[in-house]
Amino acid sequence: MNEPGTACYVYGVVPADAVVPEGLTGTDGNEVSLVRHGELAGVVSEIMPEGPLGTREDLLAHEHVVETLAKETTMLPLRFGAVVTSADAVVDEMLAPHHDWFADAIADLAGRMEYTILGTYVEETVLREVLEERPEARRLRENLRDLPEDAGYYERVRLGELVVQALEEKREVDTEELAQALAPYAVAVAPREAAGEDTAADVAFLVDDKDQRRFERAVDELGHEWSGRIRLRMIGPLAPYDFVPSPPEVD
Amino acid sequence: MTVSSTRGSPVDRPSGGGLADVVGLILDKGLVIDAFVRVSLVGIELITIDARIVVASVDTYLRFAEATNRLDLYEKGGKSLPEVVQGITEAGTQSVAKGKTKGVLDAAKETFEETMADRREQARERRTRPARGEREP
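The listed protein sequences correspond, in order, to chains A and X. Per UniProt numbering, residue 1 is the first one in the first sequence, and the count goes up by one each step. Per UniProt numbering, residue 1 is the first one in the second sequence, and the count goes up by one each step.
To be clear, the hints were calculated from the coordinates, so they are not data collected in a lab. These numbers come from a predicted model, not from an experiment. A couple of the hints might just be wrong.
[What the hints assert, rightly or not] The list that follows gives simulated cross-link-like pairs (lysine to any residue, SDA-like), each with its CA atoms no further than 25 Å apart: (1) A:Lys170 to X:Gly24; (2) A:Lys71 to X:Leu27; (3) A:Lys170 to X:Arg70; (4) A:Lys170 to X:Glu66; (5) A:Lys210 to X:Glu45; (6) A:Lys71 to X:Val32; (7) A:Lys170 to A:Glu155; (8) A:Lys170 to X:Val39; (9) A:Lys210 to X:Val32; (10) A:Lys71 to X:Arg13; (11) A:Lys210 to X:Pro10; (12) A:Lys71 to A:Asp108; (13) A:Lys170 to X:Val32; (14) A:Lys210 to X:Pro14; (15) A:Lys71 to X:Pro14; (16) A:Lys71 to X:Asp28; (17) A:Lys170 to A:Asp88; (18) A:Lys170 to X:Leu62; (19) A:Lys71 to X:Gly24; (20) A:Lys210 to X:Ser9.
[To be verified] According to the in silico footprint, chain X covers these stretches of chain A (three or more CB under 8 Å from chain X): (21) 25-38; (22) 127-139; (23) 168-181.
Ideal Cβ positions, reconstructed from N, Cα and C, are used throughout, including at glycine.
From just these sequences and the hints, can you work out the full model?
So this is what it looks like as structure tokens:
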């Protein structure tokens, strides 16, 4: 199956009338092109089918291609690392058998882009809250404060565990609040798994292009309101990574 | 810092190329090709799959215990300068030691860590800033 020579890296699916900006290159530095079928086009570039794939350059190239296309048109992104034997395979196995499914998905996402809003706790503020709210944490900290760094191992672990538990509870509340505050300006909301213990909220929003300004303003307002306790980070507009539909049942 | 904020806004808006912000999206989200292509799939090894190394819980707990204890620095105020400086030096040494350990880990993790480096750096910067302020007259 795995022929010698080049293979085909696939970035995503766009409408057939999309245009790839001139000079756009992808993984391996090869030119990005479209392979069309019906109303659809696969976004592809040549790649040497020799692994491994996943260097910083590979990831950046993938992201750059997806985001460049997402700015121009509706881009259904594929997960990083999609490689098939040839561009024909994209048509024969993906676009042709699932043409209507892809066309529907693109229609649903047209004119909409994703924002992810990441809230991070201001460590000092939130740790003070925890100490105020949890007597056991306060007591452990009193015991530990005059011990040398290498002493009190189990107490340190217990104290840290208490803090992590407290933060988990706070995260649940703050995630809900963030989602509710911004949902009025979005067509869909998708909470994401918290990446770090200091994460207060990590939520993706699908926003209509016409609502982008209102959405961003609402994020700013929340940022002001939460300032000093939670720092907000807004990433987007992006391709709708979190809002691609579940794949159809194949077989 | 590379983060640019719109004037007057407390919200960070990373300006372009912030891989750390999107690496999770690229690796975890989006359509999976296997759902569509079976026959012509090329199984290229992905080093990023192994890159998802979950930090052991104990490490996390210890980090928080350390952070909670460090609150002393801000709180007491009367802490002597040598103590403050020592705290900073220790923190620095730990980061360096951590960096070395990462250097000997497999390439996969290294790549992932690399993408997270700028984020980590920012966090470190934030953490040391108040202490640095105290040092200044």
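Now for the hints, and whether the structure bears them out:
1. For the proposed pair Lys170 (chain A) and Gly24 (chain X), the alpha carbon gap of about 23 Å is at most 25 Å, so the pair holds.
2. Between the alpha carbons of Lys71 (chain A) and Leu27 (chain X) the distance comes to roughly 20 Å, so the proposed pair stays at or under 25 Å and holds.
3. Straight-line distance between C-alpha atoms of Lys170 (chain A) and Arg70 (chain X) comes to about 21 Å, which keeps the hinted pair within the 25 Å bound.
4. Using a Cα cut-off of 25 Å, the hinted pair Lys170 (chain A) and Glu66 (chain X) holds, with the two alpha carbons roughly 20 Å apart.
5. The suggested pairing of Lys210 (chain A) with Glu45 (chain X) is violated, with an alpha-carbon distance near 41 Å, which exceeds 25 Å.
6. Taking the CA atoms of Lys71 (chain A) and Val32 (chain X), the gap is about 22 Å. The hint holds against a cut of 25 Å.
7. Restraint check: the Cα-Cα separation between Lys170 (chain A) and Glu155 (chain A) comes to about 23 Å, which is no more than 25 Å; the hinted pair holds.
8. Restraint check: the Cα-Cα separation between Lys170 (chain A) and Val39 (chain X) comes to about 47 Å, which exceeds 25 Å; the hinted pair is violated.
9. Distance hint between Lys210 (chain A) and Val32 (chain X) is unfulfilled; the C-alpha atoms sit about 29 Å from each other, more than 25 Å.
10. The suggested pairing of Lys71 (chain A) with Arg13 (chain X) holds, with an alpha-carbon distance near 17 Å, which does not exceed 25 Å.
11. Only pairs whose Cα atoms come within 25 Å are accepted, and Lys210 (chain A) paired with Pro10 (chain X) is accepted, the gap being roughly 23 Å.
12. With a C-alpha separation of about 17 Å, the suggested pairing of Lys71 (chain A) with Asp108 (chain A) holds against the 25 Å cut-off.
13. With a CA separation close to 33 Å, the supplied pair Lys170 (chain A) and Val32 (chain X) exceeds the 25 Å bound.
14. Pair hint Lys210 (chain A) plus Pro14 (chain X) holds up; C-alpha atoms about 22 Å apart against a cutoff of 25 Å.
15. For the proposed pair Lys71 (chain A) and Pro14 (chain X), the alpha carbon gap of about 17 Å is at most 25 Å, so the pair holds.
16. A C-alpha spacing of about 21 Å is found between Lys71 (chain A) and Asp28 (chain X), which places the hinted pair at or below 25 Å, so the restraint holds.
17. Taking the CA atoms of Lys170 (chain A) and Asp88 (chain A), the gap is about 50 Å. The hint is violated against a cut of 25 Å.
18. Distance restraint check for Lys170 (chain A) and Leu62 (chain X): the Cα-Cα separation of roughly 20 Å lies within the 25 Å cut-off, and the hinted pair is therefore satisfied.
19. For the hint linking Lys71 (chain A) to Gly24 (chain X), the alpha-carbon distance of about 20 Å falls within 25 Å, and the restraint holds.
20. Annotation: proposed proximity of Lys210 (chain A) to Ser9 (chain X) holds, straight-line Cα distance about 21 Å (limit 25 Å).
21. Only residues whose C-beta sits within less than 8 Å of a C-beta in chain X count toward coverage, and the region 25-38 of chain A has 0 of them, not enough to reach three; the restraint is violated.
22. A stretch counts as covered by a chain when three or more of its residues have a beta carbon under 8 Å from one of that chain; for the region 127-139 of chain A and chain X the count is 5, and the coverage holds.
23. Counting residues of the region 168-181 of chain A whose beta carbon lies closer than 8 Å to any beta carbon of chain X gives 0, which falls below the threshold of three, so the coverage claim is violated.
Going through the hint list in order, the structure does not satisfy hints 5, 8, 9, 13, 17, 21 and 23.
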